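Per our numbering, the sequence shown starts with residue 418, numbered consecutively.
To be clear, the hints were calculated from the coordinates, so they are not data collected in a lab.
All values reported here derive from a predicted model rather than from experimental measurement.
Every residue, glycine too, gets a C-beta built ideally from N, C-alpha and C.
A portion of the hints provided could be inaccurate.
To be verified - So the derived label-pair ranges between C-beta atoms look like this:
1. E468 - D428: 26 to 36 Å
2. D469 - G429: 15 to 25 Å
3. M418 - E449: 26 to 36 Å
4. D428 - D469: 30 to 40 Å
5. T435 - E460: 10 to 20 Å
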Amino acid sequence: MYTYIVRYQTDGQDHTETLEADTAAEAVQLVEERHLDDTERFELIEVHLVEDEDDLIRDRQQPA
């Protein structure tokens, strides 16, 4: 398992989620399944593989 940061939009609002998955595609699928219902539009912005703690720190400092 790897740690991924997934940035996405639903209904025009930006969101960021950090989660564990085997692949980037699986990370996006998990986020989409968790937060998407039939009335929302899901738009992927970015998927980032976390390689070290500095990546997590940088992500937390960015506005969502």
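Hint by hint, here is what the structure shows:
1. E468 - D428: 26 to 36 Å: Cβ of E468 to Cβ of D428: about 31 Å, so the range 26 to 36 Å holds.
2. D469 - G429: 15 to 25 Å: For G429 against D469, whose Cβ atoms are near 32 Å apart, the range 15 to 25 Å is violated.
3. M418 - E449: 26 to 36 Å: The hint (26 to 36 Å, Cβ to Cβ) is violated, given that M418 and E449 are roughly 18 Å apart.
4. D428 - D469: 30 to 40 Å: Holds - the Cβ-Cβ distance for D428 and D469, about 33 Å, lies within 30 to 40 Å.
5. T435 - E460: 10 to 20 Å: Distance hint for T435, E460 holds at roughly 19 Å.
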